[in-house]
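Enquirer: Residue-level listing of the chains:
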Amino acid sequence: MHSRDTDRQDQEILELLKDYPMPTADAGFYDQALARATHEGTKRQRNRWMLTGFGAAIAAAVAAWMIGGLLLNDPQLPDAGSTIPGVTIAMEEPRTVNLVFASATALDSATLTVTLPDGIELDGFPGQREISWTTSLKEGRNFLPLTLVALTPAGGELLARLEHDDRDRTFRLRLDVT
Amino acid sequence: MSTANQNLTFERLVRPHFDRLYRLAWRLAGQKAEAEDLFQELLIKAYGMLDDLVEKDDPGSWLSRVMYNLFIDEQRRFTRRRMQLVEEGQLGGGGLEGFAGSENPVADNERLDKIRRLDSALDQLSDEHRIVVLLHDTEGYKLKEIEELTGVPVGTVKSRLHRARARLREILIKDGTIS
Chain Y
163 MHSRDTDRQD QEILELLKDY PMPTADAGFY DQALARATHE GTKRQRNRWM LTGFGAAIAA
223 AVAAWMIGGL LLNDPQLPDA GSTIPGVTIA MEEPRTVNLV FASATALDSA TLTVTLPDGI
283 ELDGFPGQRE ISWTTSLKEG RNFLPLTLVA LTPAGGELLA RLEHDDRDRT FRLRLDVT
Chain V
216 MSTANQNLTF ERLVRPHFDR LYRLAWRLAG QKAEAEDLFQ ELLIKAYGML DDLVEKDDPG
276 SWLSRVMYNL FIDEQRRFTR RRMQLVEEGQ LGGGGLEGFA GSENPVADNE RLDKIRRLDS
336 ALDQLSDEHR IVVLLHDTEG YKLKEIEELT GVPVGTVKSR LHRARARLRE ILIKDGTIS
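Protein sequence lines correspond, in order, to chains Y and V.
Number 340 marks the last residue of the first sequence (this note's numbering); no jumps.
Number 394 marks the last residue of the second sequence (this note's numbering); no jumps.
Please keep in mind that the hints were generated in silico from the structure rather than gathered at the bench.
Hints may be right or wrong, so weigh each one.
Partial chain Y-side listing against chain V, Cβ under 10 Å, derived [stated by the list, open to error]:
| no. | residue |
| --- | --- |
| 1 | T168 |
| 2 | L179 |
| 3 | P183 |
| 4 | Q194 |
| 5 | A195 |
| 6 | L196 |
| 7 | G203 |
| 8 | R291 |
| 9 | I293 |
| 10 | K300 |
| 11 | F333 |
| 12 | L335 |
Calculated pairs, DSSO-like style, for lysine-lysine (alpha carbon to alpha carbon, straight line, at most 27 Å) [said to hold, decoys possible]:
| no. | chain 1 | residue 1 | chain 2 | residue 2 |
| --- | --- | --- | --- | --- |
| 13 | V | K357 | Y | K180 |
| 14 | V | K260 | Y | K180 |
| 15 | V | K329 | V | K373 |
Derived DEER-like restraints, expressed as beta-carbon distance ranges [unchecked claim]:
| no. | chain 1 | residue 1 | chain 2 | residue 2 | range |
| --- | --- | --- | --- | --- | --- |
| 16 | V | G391 | Y | D270 | 27 to 37 Å |
| 17 | Y | D167 | V | E325 | 13 to 23 Å |
| 18 | Y | P315 | V | E385 | 43 to 53 Å |
| 19 | Y | H201 | V | G366 | 42 to 52 Å |
| 20 | Y | S165 | V | V269 | 52 to 62 Å |
| 21 | Y | E292 | V | K357 | 18 to 28 Å |
Quantities reported herein were computed from a predicted structural model and do not represent experimental measurements.
Note that the Cβ used here is the ideal one computed from N, Cα and C, for glycine as well.
Given these sequences and hints, build the entire structure.
Expert: Have a look at this one:
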């Protein structure tokens, strides 16, 4: 049986739940998501019928992402951003990708963990899916060059998780393989 | 059907449901980046199932179910980190601004603090309890809609809702949020 106190407490919880954060999408997110879905969907359809034989090698390293770290309650860690950037790498050809972290302040003893999708390795770390190390970030832009090698055409997502104190951000990079 | 027509058909079927799907993604994933990944994955998957989609009487419900199943299938990938939701200022839909503009900033702060504690309490619930309570009590889904979305019978949904509320009450009394 619910007591009067319990009913009142439930009512208060319900009111809190009704006020619980309701995010709205950033301007342009829906259009981007739709464009990516139709692009990706069309590509996948095409790939069902065509044997892709692209041998193009893309040479230069590319900066992957950078978002300013203007965060309301946690200005230290750089923002992970709302869209997933991507790069295309060629099979079995080492390619250096520069990850760019923009930090609002200098961070000492941050832990960076890079998690790789199946079939993609960090040059010099054969067979390792996850590599973690401690690093410091300066205020402003910080570059992390990663030399990647694709061993299979599957591609996937590279995750770079940055942890400092009790907080963390995960950055994502989509890797397509040709 | 040409690719252009296919794309137009797809957009006509999915766009009306974007807001609801985006909210659902948030309620499932609990964090912006993961929610947006989930939303994106849904669209890519749905595009590949366009032949099925055009046959649906209620594309919105169908899309919601596909999203829920994607979340369940790849739950580890769409890992939620609820505290980031607070830290990134996503509270109140427009961040803290959602609480601004009142004539009583002290009360606003107290309210915000309670919402933060609720966020923390929700994080202590199991996924199945958290999802049910958020869909029902926050999003206003009917029990039957939750049954259709999750495939869990209404009786079980009710039971989960009851337990989730009881657990929230217990946590929020303990931490002094409610008395």
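Enquirer: Check each numbered hint against the structure and report the violated ones by number, ascending.
Expert: The structure conflicts with hints 8, 9, 10, 12, 14, 19 and 21, although it agrees with all the remaining ones.
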